[in-house]
Amino acid sequence: MSGAIGAVGASRQFTKFVLRMRETGVLVFLAILGIAFSLLTSTFFTVQNITAVASSAAILAIAACAQAIVLLTRNLDVSVGSMMGFAAYLTADFAATHPGISPIVLVFIPMGIGLVLGTINGLLVAYGKVQALIATLGTMSLYRGLIYIYAHGQEVTSSRLPHWLLGFIDARISGIPVLVMLAVGIVVVVSLFLQYFPLGRRIYAVGSNPVASFFFGLRSERIVLLAYMLCGLLCGVAGFLYAVRVGTVTVVLASGWEMSSLAAAVIGGVSVAGGSGTVIGAALGAVVLATIDNGLVLLNVSEFWRMFIQGAAIVAAVAADAMIASSIGGAFYARRPR
Amino acid sequence: EAKDSGFKIMMTPKWTGFPYFELTGEGAKAAAKELGDELIYAGADHAEASLQVETLQNFVTQKPDGIILSAIDLNAVAPVLKNARKKGIAVATYDADAAVPARDMFVNQLSYEQAARVMLDCALIDVPEGGEIAFIAASPTSPNHMAHIKIMTNLTQTEDKYKVFKVVDTQFANDDDAKSYDVAVNLMQAHPNLKVIISSSAVSAPAAARAIEASGHVGKVYATGFALPSAIKRYLENGSEKAFAFWDPWELGYVTAYALHEKMAGKFQPTEGAVLTVEKVGTFKTAKDGEVVYGKPLIFTKDTVEKYKF
Amino acid sequence: MLGDIALSPEQNCKIPILSLDGICKSFGPVRALEDITFDVFPGRVHGLVGENGAGKSTLVKIITGLEQADAGRVLLSGEAVRFHTPIEARAHGIVAVYQDPKLFPHLSVAENIALGAYPTLPFGVINRKRMYGTAKVLLERLGSEVDPQALVAGLSVAEHQFVEIARALSSDVKILILDEPTSALTPAEAERLFRVVRTLRDHGTAVILITHRLEEIEAMSDDISVIRDRRHVATKDAKSVDRASLVQMMVGRPLETLFTRRDQPTFGKEVLRVENLSLTGVFDNVSFSVRAGEVVGMGGLVGAGRSEIAQTLFGITPPTSGRVWLNDHEIHPHNPRQMLDLGLAYLPEDRDRDGLIMPETITHNITLPILRRLSHWCFVDRSQERVLAEDASKSYRALTPTVEQIVSALSGGNRQKVAFAKWLATNPVTLILDEPTHGIDIGSKAQVHEMVAQLASRGLAVLLISSDLPELLAMSDRILVIAEGTLVTEFLKNDATQEKVMMAAAQQTRRVRR
Amino acid sequence: MSMRTRTAIPTWELVLCVLIVAAGVWSSKLSPYYLSIDQIFESTRHFIIPGLLALGLAMVVSTGEIDISLASIVAVGTVALSKLAAAGFSIYVAAPIVIVIGALCGTLNGVLVARYGLPSLAVTLGTMGAYRGLAFIVGSEVGYTDFDDSFLWIGSEKLFGDIVPISFCVFVTAAIGVWLLMHRTFFGRHCFSIGLNPDASWFAGVEVVKVKIRTYALAGALAGIAALVWVGQYGSARGDNADGSILFVVTAVVLGGMDINGGRGTISGVVLSLLLLGTIRNGMGLANFGGPTQTVVLGVLLVGGVLRPALAATLARLRRHTSDKQAGA
Ligand SMILES: Nc1ncnc2c1ncn2[C@@H]1O[C@H](COP(=O)(O)OP(=O)(O)OP(=O)(O)O)[C@@H](O)[C@H]1O
Ligand SMILES: Nc1ncnc2c1ncn2[C@@H]1O[C@H](COP(=O)(O)OP(=O)(O)OP(=O)(O)O)[C@@H](O)[C@H]1O
Ligand SMILES: [Mg+2]
Ligand SMILES: [Mg+2]
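Chains as they are written, first to last, in the working numbering: chain B, 77 to 414; chain L, -1 to 308; chain V, 6 to 519; chain D, 35 to 363.
By construction, these hints were calculated from the structure, which means they are not laboratory data. Not one of these hints is a red herring.
Computed list of lysine-lysine pairs in DSSO-like fashion (alpha-carbon distance at most 27 Å, straight line):
(1) Lys244(V) to Lys19(V)
(2) Lys80(L) to Lys6(L)
(3) Lys192(D) to Lys80(L)
(4) Lys192(D) to Lys61(L)
(5) Lys148(L) to Lys283(L)
(6) Lys117(D) to Lys80(L)
(7) Lys205(B) to Lys107(V)
(8) Lys134(V) to Lys107(V)
(9) Lys84(L) to Lys192(D)
(10) Lys179(V) to Lys19(V)
(11) Lys63(D) to Lys6(L)
(12) Lys85(L) to Lys63(D)
(13) Lys80(L) to Lys283(L)
(14) Lys278(L) to Lys265(L)
(15) Lys148(L) to Lys159(L)
(16) Lys148(L) to Lys117(D)
(17) Lys85(L) to Lys192(D)
(18) Lys61(L) to Lys63(D)
Fair warning: this is a prediction, and the values are worked out from it, not measured in the lab.
Looking at chain B on its own, in the form it has when it is part of the complex (with noise of 0.2 Å):
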């Protein structure tokens, strides 16, 4: 019998080196793009293009990891886009009809917009008890729709908006543009409390095995609230930084952000399945979305490529981790019928 735990524990061993894999094949992925990239344009590998890319991908990367926190509960969220939107509008017309607001306070308005857009997908998911798509199909209409309602044909330029704010956001620290500092500081704070929180590790719990969270006795039904609520303040976030970013605020803006978040989680190893996957990963599969992006535009590699390279991207990401989890497997993968 020892033998063979021996040789088991062996494979534990394995078994933890290829989980930490899961962030590792994304950076792998990412590295062999960067390479491809250098040795095939001489404007890719430039402290400005790498600053730019990261630029790019700092605000879906937040969005990323707020849809990660839905998935690794096992549920979905597709307004995310019309969350960022609502977040955006709102605050941005705040800001230009109040052009003498306070800073801090223009900072909560648009966290507590999304926190209360997503409290409600979340009621509605957690004790409502509708399946997480269906909800949030539901909501990410009505967001959008009353977005425009509350419009009504107009937009939020930017010579409306306090200068200090896109000053703000296109000031850079020692060559580190400010966006980039935000996004990896939240994104850092997200996967610290995801991992190091008892609360953080109920997500996962929950998101894992939701028959063991209800035997086990977990407020499961507050613990998938808390992380849509999540999700909605940081979509409250991403929307504001992106509507300060582009400068002029739409009705569309981030219209299908939601199939965008949650391909740049599904690249960075986050399983729709639940439970498996890393807001680090999420925010790594926002930069490899935003590296193709920049890359091919570097290359003059048509638009259409972009979409069908993308798309591979997504499957293989998939593939790959599905891979990983099934070499991890025992008991709860080998049984899948074939």
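Starting from the known structure of chain B, arrange chains L, V and D with the ligands on it as the hints suggest.
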């Protein structure tokens, strides 16, 4: 045919909720009001060809006298419009045309060539010495953007005035601001000597201007093309950009509704060479295929931008 | 085997720590429990027995707050309590290990154990070092060498069980409830577990032990409560009951002797022949044959690889090498459909997961494997389907009002009968039964045995996998013993004894683990 | 007494029927143009393409999977048709080829999902982009519009005294076919049993992988048919065809009572939900409601529709209450 006013006109833009289209709608409504017509403005909230066809079908059911639209997919709307014309409904397109047999007239804000020239002129104001230019279009399937790009490319090769420019790239941003922003950044990375980014999308041009400002390329790269003055005021005022172009969307809508009214009242036939007189605005010639050229480009600079309230 | 019962000090037993007073519970129209009343004392092991579906697990759920009783009270040290989640129960020192291990596969072993009350550093940060340390200590106490940092996803079923038990012991337990904790354990592992249980008991913990293995009840319990037909029958001091009276209380009738095959069987020609069948890392060079009318038993310890052999023959996991003949034709099993068409059926070990579609009706379950045959031009003949299901339901004495009943509403025994009906509807010539009486009450068990005997006398070749040695010995004409993936010996019916089979099964052979 | 047996009357379908009638009444109040056979049939046209996709998606969903790439497959189909038309093939050759191409795209999804066990949402999110990219790459920039009239009749002509669009007949035929397939044949039963428990289905000899791949292939083939209708209706083949319609399709399937986790739901429910959505949108459209209002109504409807389980549970509790009382009396 004795009718002279009291027509029912229905109008749909590519999508509602976008200030540009809302302005054309208001212009059209003003014209209708002055002429004693009724104008209904409606449409889906995102640009999807099948939704636009549905809207048009719903229009036809309501038996209006005339329909005004800006087509998302010139061919997709053709069957329903042909059907409408069969029922005696007059059809006018503006901003983006539908297939020729599907409509009576197209009120073109600027002819493709005119548009191309205006944008290049703006680029010349930005960098008189010329250099590399790149384009951002909505998508390869948007006919006007692609035509502008083709003509601009041609002009830079054939006309001395524009020979200072060298076209290096074309990218697509789907009329999406974030995408436009990123594409602009990527273009600047891909072409270190890039001088001007030109876009005929009113979404992309301001986003590109913002990208230039934010990425610290002010003074090195310029964005120009078509944009609403409200969206680019900031950049003109703070000196990071020098010139953009557009036309008066309100007036475009006004002229379109006016032209359609005249057509329905039997006072104007959009045949080649026919002249349309719009009170207070001016006279417009008809080109071939019923194309009424509105053709009043506006160039906004630091000094003129304040004048425009849209 | 599980001898040396250490009696607990008498003085501890005066005041009950937990009293159940008239507990009633129904699930819609299904009555699960009626008027359950008994006391549990500190420092004693309280055995809880009853047939399948008697309501034992439901009772556990009520005590720990997973379900709410419709009527009645739960008294903790004389005070009425009502928990809404197991966490609350745990806070009061009541911890349960539920029937199937329910763990979080993506979390580490230590986290699964610590999830309820993470040790924390300032600011609420998890103290990982302490967490791993505590887990290691707990697991070592159970004699398990599972690495606390390993992910649960990679563990075996037995290891799951140990993690679950370690979790139960991680908090301060006053009342420990074990619902069939040994069903996935080897006797040695079970003994390790029971040693810990005895220590706990000796330190004053009250233990409620639910198991279908009566030997375990006899060896471990100080008190025994019996539930029959969702009612409480009796609570007795363990010393005052013998097995016969216990069984009589459980089934409400005198103990029937275990069914044995009386007729002298005549065997037909060889139906199934297996030569050198191997699946890398699981089993090696297994060869045997089964004749028509013969019941071949397959014994071995849990995890020996018997189910895997059966499933390989059924086409679930194709073998890495070896040859199989069915009715003199060589076949290459790779798909259950193919095997069913060839006349081989397999009653899976995990009835609720693999054997039945729980939210479906009895009819739909029974006809699922033969739908194609019941169809004309792809269209299912629904009247024929109904007739077939009703016939089957009658002949297997599944006591339900209608075949339109949803299977999940049935008791374990009736579910097993539906599963039987389902596989027999395919008209197999060879039938592999994997633990057909696993977790079934004694009444249904006898019926299953009778059915197996009938099938064999009708000329079916039966391969019977069972961990229940008396059953194996009574039912089989020949017994194959599998140990660690190899066929170690074969006994004829008359040569086999429980001891011999056990000895063979416990042999250490070289073992390739995957 | 028949507790926990299958409910004989599909209550959700009844609710949908009531809602459709209500929506019809509402629509006729909203617009005087609504109540006309011609008008109603004409308005069905806009739901044929999402409807065909919804039928396909319903099959996929019954097995517990999802396919969000269907709208992209339509684009692949239209573009393929345009290439075939340009190469001079007749519609009778081109149409089957397009349907096969659709089926092949679906099969690829199916193989990735079923054979390799990848999560369907993520996989089809990927192929959604990839197929659309492919449609653009093949279709090139401008798209194709010079279809011969023989390519257009399926989407433009009408039957029965010039009232019923052919595309509507195509949809009805497809709906009846899919209904029969899912509710009367063993294939459908296999699909639903896989949705409820893939392991037990596999042990019972249901070839899970094959069945799932077939549902994907069929959904793809229906998307191919939708592509034919698209070209017929709009006369245009471009890479962006049917872009953005998948959310509506998912809405229709879900509102029709298909359980997104598989195993439950009916095709008639899906058809009814399409009718309901169609009626509402038609009415609002004729009343010239703004796009945003329509979007909000759709969102509210969906959220309301999905609170259905909670609602149904409440209803069931009430019913049990009354029946208990009766039993007690
Ligand atoms: N959630 C539920 N809904 C409906 N009926 C249920 C539910 N849970 C249990 N039952 C029914 O309650 C009865 C008691 O079940 P329970 O699981 O408590 O029995 P048990 O004694 O633990 O049986 P076993 O020995 O098989 O574990 C059974 O008839 C079962 O079908
Ligand atoms: N899904 C699985 N993943 C990994 N290993 C498994 C899996 N199922 C079984 N095993 C391992 O394969 C070996 C054989 O298991 P199997 O279930 O076939 O044994 P068995 O003799 O039938 O036992 P039982 O009496 O429990 O049915 C064991 O070592 C077990 O741990
Ligand atoms: Mg039980
Ligand atoms: Mg077994």
